[in-house]
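A.B. asks: These protein sequences, in sequence, are chains A and B.
Quick note: the first sequence uses the working numbering, first residue 1, plus one each step.
Quick note: the second sequence uses the working numbering, first residue 1, plus one each step.
By construction, these hints were calculated from the structure, which means they are not laboratory data.
Among the clues, some could well be false.
Unchecked claim - Only some residues are given here: those of chain A computed to face chain B with a beta carbon under 10 angstroms:
hint	residue
1	44
2	47
3	51
4	54
5	56
6	58
7	94
8	96
9	97
10	258
11	261
Note that CB positions come from ideal geometry on N, CA and C, so glycine has one too.
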Amino acid sequence: MRIFDPHIHMTSRTTDDYEAMYAAGVRAVVEPAFWLGQPRTSPASFLDYFDSLLGWEPFRAAQYGIAHHCTLALNPKEANDPRCTPVLDELPRYLVKDNVVAVGEIGYDSMTPAEDAAFAAQLQLAADHGLPALVHTPHRDKLAGLRRTLDVVRESALPLDRVLVDHLNETTVKEAKDSGCWLGFSVYPDTKMDEERMVAILRDHGPERVLVNSAADWGKSDPLKTRKVADLMLAEGFTEDDVDRVLWRNPVAFYGLSGRLDLDVTATDATHEGNSILRGVPRDEPRPAGVPDTEA
Amino acid sequence: MTRPRATPATPEADAAGVQATAHTSGAEAADGPTAAQGTTPALTPPAELRRRLTELLDGAARAWLDQALDEASAHPGAHGPISVWELRLAEAGRRCGPVHADAARVLILHTAHADADALTRVYFQGTADERRAVLHALPHLLTGPDALPLIEDALRTNDTRLVAAALGPYGARHLDAHAWRHAVLKCLFTGVGLDHVADLARRARGDGELARMLGDYAEERTAAGRPVPEDLRRVLALTESAATPAHGTDDPHGKES
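Can you build the whole structure from these sequences, using the hints too?
C.D. replies: Below, the structure written as structure tokens:
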């Protein structure tokens, strides 16, 4: 089984997670830029974060055989902080980078005028750079938030079929599907959406344009939720092709709209030209090629 | 030994615009996928690099590269907020394929006659892949030590691809003895093969301080019950070969050699 997690915050996860994800079948992830839990105080803090999503994190992922891409943006929450909004001026030079496959997460948190402005500006940036957009829907007042989200997208230069609307649930899935956008579901322990509800939604609304993610981050979350949904789909009578469609082909098709998705993991092992023994090998078990000693 | 690779998207799974391992003509099979990678872009003269890359790229990628190099040649300076060659540098991976991106980026930088300031800017504004290409381009573009801070930055990372690229001909020429020794030791720590280190034999020859550091590291490994890297023994042997005047020593009295 091959799995593509289209929304996961690996910067907040450990190498044990990467190892478990690989074992579960995860071969590709997209990491959207988002809030860090602790508010940022300047655009420079965003730039270091963006650099990490384009540098260290894909390297870390590749060590575990997982292709890593990212989406970059000013997130909705910090769009309200005037100390952070100047990062919008820096985004264009980042949106040309090879590993950036969408603008995101953008959208609404509290539905303020500042969020309106940042959302509209970044939809335009997506259109200007040939990128699709990953749109977060608010956790509070969700249905009203979805309607306002779809209205803003309709007024933008970005067509709805280049927009993934995320964090959907039973109350928002129908209107989102009718709009023609891509449908994202974040499967969490306890909140937002669980495996059983996810499978019920797939049964009611079909697998077309549906993407399932773990949205795992620094909060209570589970990077293996994608696999757990896949297992439950099979147990509930979906075919392996259905599973492959939802957990691989749909995210490949959506992020492939960028023209920048490359699912070959580049070897991280600087010795991959094949001339040397594996170094830093623990006494008992081999380590993956290219994984450095942390003591270095 | 490598981990299993991610399964590339199969053709039927591909949406339009997804890049599999295209971008190359059949010639690649003969040369192997790493022909344009490793430290080759730092060691190959740009004209030869272009000739080889042209043979390997498919028609669309070759046309893109030709145009990117024409633009870099015609407009080496900044036009607006970002120069056109810097845009081409950013997109080289998706245009030429990741296997050939290093070589394409080195050619763009060389054709634009990027100076130390421009190289510093694109390095610090670049992805890890762009930074690696800048490191490979340095020996083709600069003779003086102006870009040494880029080498030092790369050597502080734990990205083995950047560490390896930092130890090309430019690093070999300009790193002082202390920094170079630590870089060699870091290669042994992180699994970067010493075949990637430019000028290894010349710089290691007669370097008693490096020999001491290697000996201490071997002792530490042995005490921990861990194997001593074969490369360590190899470079240790190099330090023991006929001593010549130390290169770029950081000790004005030369006592450590």
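A.B. asks: All the hints need checking, so say for each whether the structure fits it.
C.D. replies: Hint check results:
no.	hint	verdict
1	44	violated, 12 angstroms
2	47	holds, 9 angstroms
3	51	holds, 8 angstroms
4	54	holds, 4 angstroms
5	56	holds, 7 angstroms
6	58	holds, 7 angstroms
7	94	holds, 9 angstroms
8	96	holds, 4 angstroms
9	97	holds, 5 angstroms
10	258	holds, 7 angstroms
11	261	holds, 5 angstroms
Hint compliance for this structure: hint 1 is the single one not met.
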